[in-house]
Amino acid sequence: MENDFQVIIIGCGVIGAAIARELSKFRIRIAVLEKEADVSFGTSKATSGIIHAGFHSPQGSLKAKFVVPGNRKYDRLCEELEFPFERRGELMVAFDEDELRILQIYYKRGLDNNVPYMELLGRERVLEMEPNLSPDILGALYAPTAGIICPYEYCFSLIGIARENGTELLLNQKVTWIGKNNNNRFDIETESGEKFTTDYVINAAGLYADDIARYVGITNFKIVPRKGEEYLLDRRIGTLVKRIIFPCPSSNSKGMLVIPTVDGPVMVGPTALDTEDKTDYSTTREGLNEVFQQAQRMVPGVRTSDIITSFVGLRPAAVGNNGDFIIGKTAVQGFINAAGIQSPGLTASPAIAEHIREIITKEGLRMELRPDFDPYRKKVWIKVRRLLEKRDFEKYSKLVGQNKDYSKLVCRCENVTEAEIIAAVKDGHTTLDGIKFATRAGTGRCQAGFCTSRIMEIIQREAGIPFDKITKKGKGSEIAPYHIEKGYRN
Amino acid sequence: MIKNVDAIVIGGGPAGLAAALSLKNNKIKKVLITERENSLGGILLQCIHNGFGLHRFKEELTGPEYAERYIEVLKNTNVEVLLNTCAIDIISIGTGKKIYLMSKSNGLIEVNAKAVILAMGCRERNRGNIAIPGSRPAGVMTAGLAQKLVNHYGYMPGKEIIILGSGDIGLIMARRMTWEGAKVKAVVELQPYPGGLNRNIVQCLDDYNIPLYLSHTITNIYGNERIRAVDVAPINEFREPLKENSFNITCDALLLSVGLIPENELSLNAGISLDKVTGGPLVDSNLMTNIAGIFACGNVLHVHDLVDWVSEEAENCGKSVSAYIKDTAVQKKGIPVKTENLVKYALPATLEQGKPGLISLRTIAPAENTTIIVVAGNSVLYKKTYKKIFPSEMQRIKIDKVPENTDVIHVFFE
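These protein sequences, in sequence, are chains V and S. Mapping of the first sequence onto my numbering: position 40 corresponds to residue 40, and the numbering continues sequentially without gaps. Mapping of the second sequence onto my numbering: position 314 corresponds to residue 314, and the numbering continues sequentially without gaps.
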């Protein structure tokens, strides 16, 4: 029967996608329902991309339980899925005696959480490691196991491997109703009018996890969006820092960070402000000032004139739970939560996925390993930019020999070729934002000024979507909605 | 594939076209133009309004017509043109240059050239560069992208338009969108004076009763999927928005015309030093960069307001390059050009002793009854009084002869 599954995962951010990958190792029928036009379009795409060492999380919390095991899984995941991941290390810096004492608290916390290889470093050593840090720094807590990834590439590769192993991904499917039928199975309806049936529901709906839970009568938690503004700087200014730089944290956030990214440019942020509106993705003047004041204190070379873009992420913070993750079975048999997952959720995601697998096994789902499961991605994204950066013209020529489209540059800021865009469109990324996240086209300093119309041509040709129906991020966000000859004048 | 040429011109827009023709007119044998688009002409191709060529051809042409004048002449030369080809790297090897090109039909091409002319043009500043607060919906784009969507593809980005910045492209687009039936509700400019040419203010805004808000800025953008409104606020003398006086305007598109930036990523990779003010390479009076054999002209060097002067500059550049290739250039001492009072920048950075010179400059702010003075030691090389002078208008100053024994040339307003 079509639309009949054993497991339906609601939400395809990094948590939903990591769970999909984990479950796709087994012979079960899995679908992932995503309300947006592409995966990772909610909270995931806007995370800082940090794989935390794990000294931030308070002992005894689920955060602490999953953060270090999650961190450890990244080397292998990166080898299997080929997303960029670098263990750069993180430094929490102190400016005065009080803050030096705070470092010790986190050092102790790190030891409790089994964070390996931590060191408390004096001023001289810190400045030797990171010469662009403020000379006013007195010391730092150093954790070398912290890393950086590109969060959406990670999400794409997780759901990619799951799909290669039989998982169905359904985009633009906003869940509007869930109920138990006479066979004690779940019926799910979506906004598009489609109906699905499943034995198990995994609630990985991020910001909307409380709304999803409410459909089955679970009302014991509420998700409050905690807004974070981030600012991306021009790659021209160089790397500034090799490691992730943290201040000593405040009560509700880790503070403003200076974050190197795997793609080169430095990012600064995020703010932390609780809001009521789950759709408030607006940056503010106050946020910008806050971010740069704090970031400049640590790294004086960070300047607002180097901003190439800014964005907002909404952390799905669970209220009434000490801000911890909400993971596990519920009063409703077969309905499993993976909710309230904010930082360090990205780090924890592979460990959370395994934990969900254990829960669902205990709940009675027959888990038989798929003999043909292939953990390695068949389809690997080729990034021409990475070859050109290394001036590896030989390898690049070979690539062009295989496919001429690799020699047609579409995005010249980030060196993305037509072949890469076509591959992304064929993989289902048919919005400009989707293609941006899949290929980096349009993320550079011109912010898609030159390549927007060229990418639209490729989408039109490869996906058969008319020019005026091509969107930035799904219905209602058409780029050029009116043809000048078709009744535009009204 | 390997090619050997005398000179390679990177970019087939107005600067590249005029530079290549100039090289031919100065008897350079093997000239190659590389252009990333599928036709020559550059940004002129989407500028279908008229007003081009008044100085050059003494008539009003559209952008494509202006480009056509050069392309037609070029067809009768043996200049080689590579379309759909992008330069990705320049490496100096001895006195020669190796340029790597990516070409749709030929793959990777290695070009050995005696000289390089950079003519890559510029790009538009965007929302990220000016950090406008607010949400991130569809419908916010640069005026140049809107121009391409409308003029090249025939699609409109919206029906109710706000334009931020009064640069020339923004003004031209205000009129263009009006012609296509859109309602342009406001042009908002941070400065107390317009960013574009006065003739465009008259012909594109005044003639269509489009309000221009000077000393105003956009303080918020609303809308989730599509932009639905903006907040506009006046600013005080410290450029801080006065929130209590802000007002909301509904719209479905916001076009940005907030300045142009010379596109010098390739130049930076090649080790070329840039001028902090112009954003273009630092050049001497031959328009040569700090790397011998690499020259620059047009908007990649500094942003021009009239294409006519781009062509002229590119022709001069072609002349210098041919002298360099033929090794007939008797390089004399370069005298540094220093700018003072009101001068935003003056280009080139040095002038050659004993030779005529051409200085391009802009003011920092509008001024009335002001005199441009160029002096070297005790001798006044140039002096002219202007009734009104605007930052949007580039001034060109011809010096008959730079004195032999002088250490510095001063350019200033009085």
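There's no promise every hint is true.
Per the computed footprint, the stretches of chain V lying under chain S, defined by three or more beta-carbons under 8 Å from a beta-carbon of chain S, are [to be verified]:
| hint | stretch |
| --- | --- |
| 1 | 127–138 |
| 2 | 283–289 |
Restricting the straight-line Cα-Cα distance to at most 27 Å, the calculated cross-link-like pairs of lysine-lysine (DSS-like) are [to be verified]:
| hint | chain 1 | residue 1 | chain 2 | residue 2 |
| --- | --- | --- | --- | --- |
| 3 | S | Lys98 | V | Lys404 |
| 4 | V | Lys404 | V | Lys390 |
| 5 | S | Lys114 | V | Lys390 |
| 6 | S | Lys383 | V | Lys469 |
| 7 | V | Lys390 | S | Lys332 |
| 8 | S | Lys332 | V | Lys475 |
| 9 | S | Lys183 | V | Lys395 |
| 10 | S | Lys3 | V | Lys390 |
| 11 | S | Lys332 | S | Lys27 |
Since the hints were made in silico from the structure, they are not lab data. Glycine is no exception: its CB is placed at the ideal position from the N, C-alpha and C atoms.
Okay, the hints, checked on the actual structure:
no. : hint                 : result
1   : 127–138              : violated (count 0)
2   : 283–289              : holds (count 5)
3   : Lys98/S to Lys404/V  : holds, 22 Å
4   : Lys404/V to Lys390/V : holds, 20 Å
5   : Lys114/S to Lys390/V : holds, 25 Å
6   : Lys383/S to Lys469/V : violated, 58 Å
7   : Lys390/V to Lys332/S : violated, 39 Å
8   : Lys332/S to Lys475/V : violated, 64 Å
9   : Lys183/S to Lys395/V : violated, 52 Å
10  : Lys3/S to Lys390/V   : holds, 23 Å
11  : Lys332/S to Lys27/S  : holds, 23 Å
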